[in-house]
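There are 2 protein chains.
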Amino acid sequence: MMHVGALLEFSPSKATSKDFSRELREELSALARSVTVASPWNQRLLHPEMLTNPLQAWVPDEHFDLEYHVRRSALASPGDERELGSLVSRLHGTPLDFQRPPWEAHFIEGLEKKRIAIYFKVHHALIDGYTGMRLLSKSLSTDPNDLDTPLFFARAEGERRREREEQVPTLDALLHAVRDQIGVAKDIGRALVKVVRGMRDHGPKLALPLQAPRSVLNQKISRSRRFATQQISLDRIKRVAASAGGTLNDVVLAICGAALRRFLLELGELPERPLVAMVPVNVRPKDDPGGGNAVGAILASLATDVEDPRKCLDAVIASTKRAKEQLQGMSKGAIMQYSGLVLAPLMLSFIPGAVGRLRPAFNVVVSNVPGPETPLYFRGWRLDEMYPLSIPFHGYGLNITVQSYAGSLNFGFTGCRDTLPHLQRLAVYSGEVIEKMERA
Amino acid sequence: MMHVGALLEFSPSKATSKDFSRELREELSALARSVTVASPWNQRLLHPEMLTNPLQAWVPDEHFDLEYHVRRSALASPGDERELGSLVSRLHGTPLDFQRPPWEAHFIEGLEKKRIAIYFKVHHALIDGYTGMRLLSKSLSTDPNDLDTPLFFARAEGERRREREEQVPTLDALLHAVRDQIGVAKDIGRALVKVVRGMRDHGPKLALPLQAPRSVLNQKISRSRRFATQQISLDRIKRVAASAGGTLNDVVLAICGAALRRFLLELGELPERPLVAMVPVNVRPKDDPGGGNAVGAILASLATDVEDPRKCLDAVIASTKRAKEQLQGMSKGAIMQYSGLVLAPLMLSFIPGAVGRLRPAFNVVVSNVPGPETPLYFRGWRLDEMYPLSIPFHGYGLNITVQSYAGSLNFGFTGCRDTLPHLQRLAVYSGEVIEKMERA
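First to last, the sequence lines map onto chains Y and W.
Read in order, the letters of the first sequence are residues 4 to 443 in my numbering.
Read in order, the letters of the second sequence are residues 4 to 443 in my numbering.
It is worth saying that the hints were derived from the structure and are not from the lab.
Worth double-checking, as some hints may not be accurate.
Note: identical chains are not told apart, hence a pair may lie in one copy or across any two.
Mimicking BS3-like on lysine-lysine, the simulated pairs with C-alpha atoms at most 27 Å apart in a straight line are [claimed, not checked]:
# : residue 1 : residue 2
1 : Lys116    : Lys21
2 : Lys17     : Lys141
3 : Lys141    : Lys223
4 : Lys141    : Lys314
5 : Lys116    : Lys17
6 : Lys117    : Lys21
7 : Lys327    : Lys17
Computed from a prediction, not measured in an experiment: that's the story for all the values here.
Assemble the whole structure, with the sequences as input and the hints as a guide.
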């Protein structure tokens, strides 16, 4: 169940074909007979039966079955956000098939106001969520009158093999960096010893600054998922950030914190001590001569013990400031050691039986990644919203990934269906919190 | 992937509510808050993580999540048979979750002519396909004006624990009978020795009468499924049967044979020797003092080497006659030994690596079960068609299950998506074959 996803919602325009649905069906039928699918979309595992085979490799799928990977779906009436949420939750709750290139795209019709949506899903071993979002964005057009946009999988890219130009602070980048540092997850025992030794070398500065309380977010999870979304204008968040003297990311964390507070209060499950978020960030290490950045993990208080939204925001700002100062005083090696320490419990979650016995190192992952800045179009359909879906882990049943797009921040809440009922409310509360912060 | 299913298609009537979709949504929301789900629908495994646990048992699910089990879906436009087939194929191609009661029901809207459909899926360890169909049928009404039919899972039944009144010749009944005789699948090595010894005891009569050719139907299968359907009037089949001096089941087999011949010819994959079907039948053993029936397996030639439809039917009739005569001359014990011999390769298919190395004992399972005789209704919606979905096995990638309903025979073709492309054609050809037989 290590797949990430994206939900894209589009509105029609004057340029949009009235017969889009029929044309898409015909196009897909025609493509199914003769399509050249570009890398990475045509890549499957050489040894799907044995994922840890040392000779594992990605190879082109000789029997690529387009109709399997690209599907048309529709919402049951009335086609509102609830129906969309429940379809996308279901689709995100089924595993991908490793006998094939591990991705699926679903064109969804039957949305209210004649809108359409695309749900896209890919195993993070093929491409990470951020790269997936970038490939999808790049396959769209910036021109509302471009009616010939090809479908993303038919574009030559070769992106997967290319090095990323810039370090983007994603959970995936963190996991990769930490894995390079401490080795693969199956050596986690030895890795932890290494992390603890590294801590000693770097002195007391590497101790975890916060202690996360036990919470309902930190249980063994099921296979099923819930997904909920919220879109907030970037301007509103920037204004709140400026008036409080914090960053945009601080406001995102405070929104998540205040919404989680209300959500958990209603469930009767709010811990006394504040929830702690693990946040991937970019930092400039003190020993990097090239002035380059490194991705590191910080732990930030979500100030869920504070009721007043403004005070909550202040507490978050103070917490992230301390955490970033700590990281910036470190060498690149120390940053990785520290991030390894923070992430070790997440990697431990792959070991059966480990969850529940360990105290959580943090309660929730909140990650904020940059997205396209200008409005995008698909054959005249305007992309209104673009939400990332990520991976809950055993012990870490909620992931909040936020992505910017054309003047808005798009919050994607991916949670375990069984340990986090009513996840939709968390999304709704996030939208209400920003109003309270503006007033405060 | 050991689940069976059913596809039910309904037409609206004057009595049908115009707001059916909204009312269903509201009803399901209300039920989700407070529903008493009857046995077996509330039963889950006690040890879902370890299916072979010797203390395995069915227990009530304390956290029954109705919205997980009962779902509303819609077809992408135009909502034709092809879209319905592709949705049902997808739904049948995902495994059930053993952490919950292993069943799902999908109410499907967006069909052409304002029709609706229900797709239902259950693990055969909870209830077998025939019992599932019977429970679904019993939950419907014989009265077109009964608008209060409760949803099937809210009806008190306790059916699963009840003994079946009559022996119905299903694949499941066969598998159970054979398992009682030769033990569980993991002891298959010893079981086969037992079967071969039994053969010796019963003499040469127990030798398999037919040798099945290798074919594309008999490969290792994938996780994905294709499903196709055909409905033929019972009267037409009866007339053909009477004029040829065969049974209804003979005509069903001949239809499957002629359609498979054309399907495989087009794929360039028709074996020289005729395909062999394994058919569960009811027989009266010679030693049963009570005159009771036993379920046995016969092997019948599908006469796919014969082009002329009438000659094909004659060849099938001769083949099933011989096979049934052989069985009727046996004691009940011998029938079970013989059926064990026939089914052993199907049970061997659970053993990794066994498929492909063994010659198939037969090519396809064709099973024909009785269904409701009078038209049924769900809140004024008339049930037009009712198709069974069954289980393909490794080495046996196609299952044809036929069920009667209110004057029609409903053919459900469940196949492996990857080894059997264009399965839809097989269904179409079945409908055309009967015309040729009528003319002949």
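Comparing the hints with the structure gives:
Proximity of Lys116 and Lys21 under a CA criterion of 27 Å is satisfied in both settings, with 13 Å inside one chain copy and 21 Å between copies. Proximity of Lys17 and Lys141 under a CA criterion of 27 Å is satisfied intra-copy only: 23 Å inside one chain copy versus 51 Å between copies. In the homo-oligomer, the alpha carbons of Lys141 and Lys223 never lie at most 27 Å apart, since the shortest distance is 37 Å inside one protomer and 39 Å across protomers. Within a single copy, Lys141 and Lys314 get their C-alpha atoms no closer than 40 Å, and across copies no closer than 61 Å, so neither meets the 27 Å cut-off.
Only within a single protomer do Lys116 and Lys17 lie at most 27 Å apart by alpha-carbon distance; the minimum there is 14 Å, versus 29 Å between protomers. When the C-alpha separation of Lys117 and Lys21 is checked against a cutoff of 27 Å, the pair qualifies both within a copy, at 10 Å, and between copies, at 22 Å. In the homo-oligomer, the alpha carbons of Lys327 and Lys17 never lie at most 27 Å apart, since the shortest distance is 48 Å inside one protomer and 68 Å across protomers.
Checked against the numbered hints above, the structure violates hints 3, 4, 7; every other hint is satisfied.
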